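Enquirer: Residue numbers (the working numbering), protein chains in the order written: chain A, 26 to 316; chain B, -12 to 362; chain C, 578 to 733.
Wrong hints could be hidden among the right ones.
Restraint-style ranges between C-beta atoms, simulated for each label pair [claimed, not checked]:
id, chain 1, residue 1, chain 2, residue 2, range
1, A, T266, C, P626, 40 to 48 Å
2, A, Q75, B, S125, 40 to 48 Å
3, B, T(-6), A, P76, 33 to 41 Å
4, B, R52, A, T266, 36 to 44 Å
5, C, R634, B, G127, 53 to 61 Å
6, B, P231, A, L198, 32 to 40 Å
Don't read these hints as lab results, they were simulated from the structure. Since we're looking at a predicted model, the values are computed, not measured. Glycine residues also receive a C-beta, built at the ideal position from the N, C-alpha and C atoms.
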Amino acid sequence: MDGTALSPQAAPQAATVAADPMVPRPFRIERYIREVDGCFTLHLTPLDGQPFHYRPGQFNMLYVFGVGEVAISISGDCRDTSKLVHTIRVVGTVTTAMAKLKKGDTVGVRGPFGNPWPVDAAVGSDVLFVTGTIGLAPLRPLIYEVLHRRAEFGKVVVCYGSRGIKDILYEKLLHEWRGRFDMQVHVTVHSAPSGYRGRVGSVAAAIKAARFDAPSTLAFVCRSETMTRPAIQALNERGITNDRIYVTLERNMKCGVGFCGHCQFGPTFMCKEGPVYRYDTIEDLFMVREL
Amino acid sequence: MAQQDVTKALIGRDGLDTLIAVLARQGYSVIGPKVADGAIVYEPVETAAELPAGWLDEQEGGSYRLTRGDDDAVFAHVVGPHTWKRFLFPPRQKLWQGERKDGSYTIESAPVEVPRYAFLGVRACELKALAIQDRVFSGGQYVDPGYTARRQAALIVAVTCGRAAATCFCTSMDAGPKVTAGFDLALTELIDGDRHDFMVEAGSDQGHAILAELNGRAPSDDDLAAVESVPIRATAQMRRAMVPGVDALLKRNLEHTRWDEVAARCLNCANCTMVCPTCFCSTVEDVTDLTGDHAERWRTWDSCFTVDFSYIHGGPIRREGFSRYRQWMTHKLSNWHDQFGSSGCVGCGRCVTWCPVGIDITEEARAIRDSEGSP
Amino acid sequence: MVQVEGLGRYLAEHPFLKDMSQDSRGIVVGCAANEVFKAGEVIFREGGPADKFYLIRNGAVAIEVHVPGHEALVVETLHDGDILGWSWLIAPYKWAFDARANEVTRVISLDGKCLRAKCEADPKLGYEIYKRFIPVMAHRLSETRHRLIETITDGD
């Protein structure tokens, strides 16, 4: 049989999921930051004061009173329990309503849900992050965690692509990372005004330029499904096999707890066995159209 | 003979009334089969006279008709468009309500409603379906408190089938026709010429206690033999079968052309998912009142056949009918094994009967098996 | 000549010419020369005669498009080890884009006009050259199409 039989990877901690996982916990917006490209970041604190614990790669269902819910990856530092950080892009009704909220308003939170990035699996290896546009948001908690435990890993490399030089998410942070002596950051854009001295081209080309030891590298990819395919190809061409590549995918999320059936991807519930998957365990499913 | 030791007893036709009365006295809301709108459905039952005695259901792909049988058998019909899931997993449930005040809001879970149901007439396939839904709603990391409480409170009076409809295929799904476990009481109807009795078997402490109140008589060896022959008759009548190894078969054939072929016939009407006893997909609806200060979240049945089901920003993942039909069939017959350790199908045949164009999953599976590997 | 020997060694190791027969490679080396471009220097302009192509040893080259009424746009940058220029292979042998060095860039330039003639005369050499160029162009096309999809679907 093809490799679609899955065993759950690290189970998410349900530490502070509300007693009823279908009821949103109210959180207060402490800060509202306008980001590039129609995105915004919210810093949230729980009204009941209970700290929110999560692992990198997990997501919450964010609720706007009377409007609805959306699944949004958590994009903060897991070790900073003083705030819950979400970077959100406006794509529909709920996110449009959320973008109009202000500091002091309330957002409902259900979660954390989902299978997190396996940080421990990368110990002792070079670590390569491959992402673009808003994909940096779900990867950021993982990058923070790896940097907290920097000594346990080999090379740490970020390959990031955006549409143009004005669309780079967390640009200041990328510059900070680039300035570290123990980190490589390769940023590429799809186009730039003449005179721009940085890289213009695909993220796949940036992967080619990155320096890492392929047989002992773990790659963490956060791209749209269409762009995940060429990213995997570029990683394979550099010698990273599919069992050393982790991807994060997206499906319709409603309940987040495996009841409603909407998030199914082959035999997996993306809210439980995903959204993070080791690529070799789903590579056959990935190529099936409209699965 | 000490009453407490009795696990089997024979009751007469009027024993059904006694049974219903005992259940009602114990505070149960008895739900059983009744004729309504040209079908046999599950509704509250107060006396045995309301049961569909003498009715038969003629079923085929895309067809369901009630006809009068030759005798007054109460349970000669098989299964209709209703399943027991509508009572344990109601089509509409309020999850919570919220009140907004001064920029903030509070949310309160809606109280869990736990009616005490006694299900009268649960077939072997349905018992299996209940066990399957138990794994979905009560067997995982998150438990559905409403389903679990209602299930716990429910009393099951099962019935072994003595007849199979043309769309039944429980034998090939190892789901019947004989009732073997998971019940409080199990009935087998013995009707022939001059006798009309029911063998009642207790399957739990509660069942034992109720059996004691039915004033049944000890069965003879002939009675016991007659009981054994009932499911054998049903098995002999079974006309359809699921191909063995269908779970691995479908996994190997996700890109088979048969999916396009069936998609040309499938209307995406979602009937199959509504009548299926194990389908569990749901959606949530957020509603507010006119002021916008009072919000409620409701959970309702949903179907993977809707275009919205797989919607993410930009559009649905399953844009075309072929992928939605494939999702339903591969989930039911294959992925369910990975998710819940068993098939999701119990061979009740409802999806075949209630499909307006008569799509038959046993036929689809066979077609894929027979043409595997060919272009 | 020392210069040719040095080039020969570099070209022998370059992935583009690897596994080329000794003879063919010798011909290519004969058409090769070292060149350096200053930061900001134009290497070629759209419409100009495409008589050369370049192997980038060290540096960065921006492929640009002049957009009337708009600032010129960089659509791709090429880096160490990349091949620059294929219009020398395709009639009417005119550059399709502008190319400008983003930083000090050392290249090996190859005399395309000369090589064209040699390929006409020696189809075996021609096949070796085409065999190497087609995958590079296919790859660039594929990547460009993916980037196109990303710009269209991004923000859905």
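Enquirer: State for each hint whether it applies.
Expert: Checked hints:
no.	hint	in the structure
1	T266(A) <-> P626(C): 40 to 48 Å	holds (46 Å)
2	Q75(A) <-> S125(B): 40 to 48 Å	violated (27 Å)
3	T(-6)(B) <-> P76(A): 33 to 41 Å	violated (55 Å)
4	R52(B) <-> T266(A): 36 to 44 Å	violated (59 Å)
5	R634(C) <-> G127(B): 53 to 61 Å	holds (59 Å)
6	P231(B) <-> L198(A): 32 to 40 Å	violated (57 Å)
The structure fails to meet hints 2, 3, 4, 6 from the earlier list, while all remaining hints are met.
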